[in-house]
Amino acid sequence: MASSGNKNINAKLVLLGDVGAGKSSLVLRFVKGQFIEFQESTIGAAFFSQTVALNEATVKFEIWDTAGQERYHSLAPMYYRGAAAAIIVYDITNQTSFDRAKKWVQELQAQGNPNMVMALAGNKSDMLDARQVAAEEAQSYARENSLFFMETSAKTANNVNDLFYEIAKRLPLMQPASNPSGMVLVDRPADKATGASCCS
Amino acid sequence: MNETEVHDLSDDADYATSIQQSSGMMRRSDSGKRSSSSDLDGAEIVYTKDNVAVHPTQYASERISGRLKLIKQENSLFMTWIPYKGQSSSSRLSEKDKNLYTIRALPFSDVRSIRRHTPTLGWQYVIVVMSSGLAFPPLYFYNGGVREFIATAKQHIVLVRSAEDGNVFLVNDFQNPLQRTLSSLELPMAVSGSNVPCTSLPASELPSNAHQENDVSVGSSERFQQNGRQQQKHHDPTRDLSIQILEKFSLVTRFARETTSQIFRDSDGFSINEGEKLDQSVPDHHPITASNESGKVPVASDPLELDKLSLAWGKPRQPPLGHEEWTTFLDSEGRVMDSQSLRKRIFYGGVEHNMRKEVWTILLGYHAYDSTYAEREYLTTIKKTEYETIKKQWQAKVRTDRSFSFYDGDENPNVYLLRDILLTYSFYNFDLGYCQGMSDLLSPILFVMGDESESFWCFVSLMERLGPNFNRDQSGMHSQLFALSKLVELLDSPLHNYFAQNDCLNYFFCFRWILIQFKREFEYEKTMQLWEVLWTHHPSEHLHLYVCVAILKRHRAKIMGEKMDFDTLLKFINELSDHIDLDATLRDAEALCLHAGENGAASIPPGTPPSLPLEDASIYPQPDDDIL
Ligand SMILES: Nc1nc2c(ncn2[C@@H]2O[C@H](COP(=O)(O)OP(=O)(O)OP(=O)(O)O)[C@@H](O)[C@H]2O)c(=O)[nH]1
Ligand SMILES: [Mg+2]
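Protein sequence lines, in the order shown, are assigned to chains L and A.
Its first residue numbered 1, the first sequence is counted upward by one per residue in UniProt numbering.
Its first residue numbered 1, the second sequence is counted upward by one per residue in UniProt numbering.
Think of the hints as simulated: they come from the structure by calculation, not from any bench.
Derived DSSO-like pairs (lysine-lysine); straight-line CA-CA distance at most 30 Å:
1. A:K357 to A:K391
2. A:K526 to L:K32
3. L:K102 to L:K169
4. L:K7 to L:K169
5. A:K571 to A:K526
6. L:K60 to A:K571
7. L:K103 to A:K571
8. L:K7 to A:K571
9. L:K32 to A:K571
10. A:K571 to L:K155
11. L:K60 to A:K563
12. A:K154 to L:K103
13. A:K308 to A:K344
14. A:K357 to A:K315
15. L:K169 to A:K571
16. L:K7 to A:K563
17. L:K60 to L:K155
18. L:K102 to L:K155
19. L:K169 to L:K32
Looking from chain L toward chain A, a few residues come up when the C-beta cut is under 7 Å (computed):
20. S41
21. I43
22. A46
23. F47
24. R71
Quantities reported herein were computed from a predicted structural model and do not represent experimental measurements.
Positions of the beta carbon are idealized from the N, C-alpha and C atoms, including for glycine.
Work out the full structure, taking the sequences as your base and the hints as a guide.
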């Protein structure tokens, strides 16, 4: 269980996606191993952290869970700025949520961190009867856009931990030959760098 | 010709001083390039409009008129709006009000978007939203000219119409892609090779070409526009309607399920949600106290010394108002004899739970203070019928649609109640619609009132105050966050400066507090207590903003000492949930409010939500409303 590597990495991760897609549920499953049938809808954003131990290193995810409603979209950039990874969640029983996921992907590609690891999660995979989005469709969309794709269920826990582990492995700093330009991982120094953002 | 314009400009003393002062608190870090010299030779007025007014209150008669200008200097465009001297339409509007609203040389590099409203009836206006997320109050064009205003601006700056909303124009959309408007996010994001640097990085770590953000070619903006136009597919109103209803429905049920199942799970209703609030479960959570020792760096001391202030001003809280005492406020027929002292009493102690059903209807303004028992009973009956009528509107539509069958299997009857009320409300107030957060506001009301129609009407009354929180353009939230920033500036300037230096001036970390009135910050009983206190509008109808200040001040040493940046601050604030001492906070808030006095009131632009319902003449002097 314990990390045998010597690296400790903090990585900011943001969850984006439509109202009710299951963002908070995925986090809750990952962080606390729980599932709540009546998950409270998120207002603004919520924060969690959870550590993943890989062979080479320990990755502490700083997870931002955002509110899905369109009306609060303007808040999202505050949460995804500087993120090392993003999980874009849709609900496989809801075509609209998939359309919305695509918009999020576009937005992140245009203005997120170019080295950001992006994962597409088709959630509620336990509800096969009500499926509206074919796994193949999502898979090929993901391939075209260089996303990492999984179908998950926060309810049954299927693929939830795997999702986060896969993301951890793909973080640039985890790659042997990565360029440590520092932008991807938010390893916040105690003393904030001066200059760039200081006014007056 | 140019000379007259320059002459005109130099005549304008306000402008001359203001361009040197820059735009005050809104000033952004990267705007230092703007001219700070008093050399105005290069300035050219490219647009002037007279009779552009701000409506500080809900009465159109109370307006401050002034002159709006667009001024070009070197390569920058500035906007000024200077009120006319000594021409208030009403004596209630002081010079202070004028100063509050004056826009001095606002550089467009600080502007995020302009929203235009051109209603067929009524005055045209625009809302200017800053990059910081704050917005100026609407500017009403009494002589028309909104189109010209936008067109002129477009000649000098990059102005792109939002694909999502044709009335929103995005300014400098490429300069800081991280600060986009609600609507801009819907644009097809196809800016090729936009290697956008992370803003939190020091400049030295950026690739050298990252600074060339101003070089975004006009070509790409045109492409944006085209894409934008394509996106504006023609609307089939009936289709829109049904989609909207569908969407609302799915939201409503979810929220309904989630909220009521928690509220009504326990018979007494108070032991809700324990351990379900995610925020409190963060592993490395320290119990939060108002400690001063936690700071790692020296922190500018609190100019007010909140503890002493609270002792001096904030009165001790009292036990809640019970039945016996309640009756002493009523005459034999049930009228509240002295609404002010009643409100004051409730402010200091809240209401016993079994009295809430009766008291809340009056506090919220659903029943008038001077109504009798009989009148209230009568109104209740009338309103029940009215409610049923509104409800039938959607019931007819819904029955025909099969997709709603997914509610089958939901057994909690309160789920249906909550859903029905919210859905009916979205028909009652179609403009506002349904949004996330409304169920948070309704659930305590439903819990107290029990009855469907009564809950609905109390919710309607509450939304008269809080409805602007849910405005699509976020103007209600913006104006409250703006007022909050003004109050912190007034009551704790070191903290204000800290926020300014750390890009936290948008105060979005207080978003949840304000949007749903601290509903998620306190346990259920405390929330109800806080709400009835806020509804008294004693000692200020904006006490909730002083509550925000009070909480922030209690933690100022930690915030500044640990050098929290925006992310850390937001996390910290979210984690305060369930760790805020309500009584102490209210005492602080009262003390701050009294201490701030008129200066405090002057910091809050009139019209900032929640505004009182009109009929409460004891608080608002009757306006002579010449226009509406
Ligand atoms: N069957 C099933 N239900 C799920 C799953 N994940 C979430 N849900 C349910 O879907 C609903 C919405 O889940 P949330 O986690 O609140 O969704 P969200 O994306 O955080 O929504 P917002 O915060 O409103 O943006 C809740 O009722 C969950 O119980 C899943 O994997 N399977
Ligand atoms: Mg959520």
